[in-house]
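*Asks:* Under this note's numbering, the sequence shown is numbered contiguously, ending at residue 202.
Incorrect hints may have been included.
[As the list claims (entries may be wrong)] Computed list of lysine to any residue pairs in SDA-like fashion (alpha-carbon distance at most 20 Å, straight line):
#, residue 1, residue 2
1, 17, 51
2, 30, 105
3, 30, 109
Read the hints as simulated data drawn from the structure, not as lab findings. All figures in this text were calculated on a predicted structure; none of them were measured in a lab.
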Amino acid sequence: MMVMSVPYEATGRTGQKSRTRQALVESARKLLAEGLTPRVEDAAADAGISRTTAYRYFTNQRALLLAAQPQIQPDSLLGPDAPTDPRARLDAFMRAFAEYNREWEQQLRSALRLSLEARPERPLLRRGRAIMWIEDALAPLELTHPAVDRRALAVAIRSATGIETLIWLLDIAGQSWAQAAETVRRTARALLEAALHEHPEQ
């Protein structure tokens, strides 16, 4: 008979354990925002929690960093008053997308590092939420340019404008955040214009 193990947090005093776990996650996010890559013991020290206790919640650094990834995951980065013109709407999205990446920069950098490891787990960074956001930004094309493959265009825009590109622009090209945001906006616009040129309005 196989005995299933029960996660530590699911047994006894679950409310207190939930608060302890959240304290560790918040400390990890705080340290990430300071430009550090915290280990479990670092988050424990910052949160005032013993190292032994912390390892009951997160068995290794990877588990902690995955838990510290962005939790605010809306269905769209655009508000209800977003433009309906495809070009203006994509521009508005790219401004919001750059700001999102800036807000979560350190957490996304850690997720990118994790995604480069040869592990079977898939970090949050690689779950495709941004592609869904871009498809939402491209929604008007369904009426104005139905021949455009919005999914393929969204993938192309994501590949050229995501956190990986922003990191290169910031760290290698030496651009400021404002310059990097404008670069990816122009790139997204160029990809949209190419798609519109290939499939004229109907």
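*Asks:* What hint numbers does the structure not satisfy?
*Replies:* Violated hints: none at all, because every hint is consistent with the structure.
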